[in-house]
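First to last, the protein sequences are chains Y and P.
Counting from 1, position 75 in the first sequence corresponds to residue 75 in my numbering; the numbering is continuous, with no gaps.
Position in the second sequence (from 1) plus 98 gives the number in my numbering.
It is worth saying that the hints were derived from the structure and are not from the lab.
C-beta atoms are modelled at their ideal positions from N, C-alpha and C, and glycine is treated no differently.
Where hints are given, some of them may not hold.
To be verified - Computed footprint of chain P on chain Y, listed as stretches where at least three residues anywhere in the stretch have a Cβ under 8 Å from a Cβ of chain P:
#1 4-15
#2 21-27
#3 30-40
#4 43-51
#5 64-77
#6 81-91
The primary structure of each chain is shown beneath.
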Amino acid sequence: MGGVIGVGLALLYIFIMAIFVGFEVISKVPVILHTPLMSGTNAIHGIILLGGMLVLASATSPLGIVFGLLAVIFGSINVFGGFVVTDRMLQMFKRRKP
Amino acid sequence: MSVHSLAALAYLVAAVLFILGMKRLSSPESARSGNLIAAVGMLLAVGATVPLMRGIVTDPLPHGQIRNYALIVVGIVVGAFIGVKSARSVKMTAMPQTVAIFNGVGGGAAALVATMDFLNLARGGAAVTTIFALTMPFSALIGSVSFAGSMIAFGKLQGFVEKPVTYPLQQAVNGLILAAIAALWIYLVGFTRSPLPFALLFALSLVLGVLMVLPIGGADMPVVIALLNAFTGLAVAADGYNTNNIAMIIGGTLVGSSGTLLTVLMCRAMNRPITNVLFSAFGKAAGALRSGSADGSGKAVNPITADEASILLAYAQLVIIIPGYGLAVARAQHEVRELSDVLEERGVEVRYAIHPVAGRMPGHMNVLLAEANVPYDKLYDMDAINSDFRRADVTLVVGANDVVNPAANTDPGSPIYGMPILKAADSKQVIVLKRGMSPGFAGIENELFFDDKTRMLFGDARDSVARLVGELRKMR
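Could you put together the complete structure from these sequences and hints?
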């Protein structure tokens, strides 16, 4: 794509499209699922874990290592805690057996 | 194919899994699989990131990579342990503050990553381009606000910070901090790329997050958490842009936009603009109102005993149950479900009226009642059931308060004025289960409790409902 548009511009396209997808995909959510949905999307932004991994892998200074390690731990809590707690909420949506 | 292309392809699959997962989270039948699909997407994204880490296909660090790789593994394991353990052990009533904590640490991670990216660029001698001088402070600012704000929201929901904290010139102080942050940001973009102003901006953002959430009343915390969730998403997306990572851009943006929509939906349910929630210092107005008007305190309430109440219920045709936060606190959902079973055996029709902001989060009541196996076709949204209250012989209010407060319709001075409420007062008889006469979370009196057709059944919601069930069983 480099020859046609710059990488920065391509990322901007991705960003704008993702905004619309985010709006569209939850627009029909019933109230009953608002809490699990908030919790589920909360887990998805745990993708910051990737950023933490990349930063820590190239950290050299003590500050960089401390910040990077904290970022990895925080991101990991966000991912694992987020998905598990959402699953726990959703376990409760089983239909009552007749 | 290069490692980068492979990673980008894996990220594409992960992004599709995120979108499918969110889509499936929109329906009760498929929600659980949706969450699982999103989790698989996350696993894939993490795996695809490994080859992109420094030292895999690029030059390793001068001192070697082993220590850093080991620390990454340690960090993930420690985080997974804390996350899974707290997610498993938390009570269903504490779900909202758990989501707040998980959101907060995500925001904190986003701020830390942005800070390190900036310091690395600045120290490496590489030119920090204008665009990075814009986006990196953005992640640090929004991520820090989300982190600090979420911790305060947690404290409020947990009961550590009981009342809205207000002090003179609050808005002016917040404005001043915001102005200082803006000045530092402009300084970073236009004049310097040194780490000191960045660190200052980072610290001031944490302070701003605390001060922003402190004055907001506990009843508004769901909106705050939804908003901070969207904030974290945006901070992560900006970090993705800084590090050229498409998965972070897409994942963060999806949360940013869906979280914003969810925030708007929640504010709409309360009929209040978001600015009103964030800047009105809810509790202050409520306190003034309470001391100013004494109309509620002069009147007397009509108590009722459990056996009287059970007779009213037993000979009703339609009973509508309004659950509120009191039900969550007393963990009375199983007893309530038993009560409706007993009533249905007698031929009484039972429905549940769910206010959009009942409890501490939208859907909070649905989750609790689902835990007790209440079939969700018995749960009615406010709009669907408000016209049925006229037909209801008894409306049973279980630990709800503000969502049935007529002041929302009648008293323009009330802080909840304009919020749509469940029209419990339309039914022939109202029985309110309440621990005592304390006002609701919004801190205001409720006229409904003093209404002629309202009877109060005092006591712990769980005990009260259990007593009702006992009385009804005896009648057979």
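Hint check:
1. Residues of the segment 4-15 of chain Y lying with their CB closer than 8 Å to a CB of chain P number 5, which satisfies the three-residue condition for coverage.
2. By the rule of at least three residues with a Cβ nearer than 8 Å to a Cβ of chain P, the coverage given for the segment 21-27 of chain Y holds, with 6 such residues.
3. With 11 residues carrying a beta carbon less than 8 Å from a beta carbon of chain P, the segment 30-40 of chain Y meets the three-residue requirement, and the given coverage holds.
4. Note: the segment 43-51 of chain Y has 9 residues with beta-carbon separation from chain P under 8 Å; the three-residue rule is met and the coverage holds.
5. Residues of the segment 64-77 of chain Y lying with their CB closer than 8 Å to a CB of chain P number 13, which satisfies the three-residue condition for coverage.
6. Beta-carbon proximity to chain P at under 8 Å applies to 11 residues in the segment 81-91 of chain Y; the threshold of 3 is reached and the given coverage holds.
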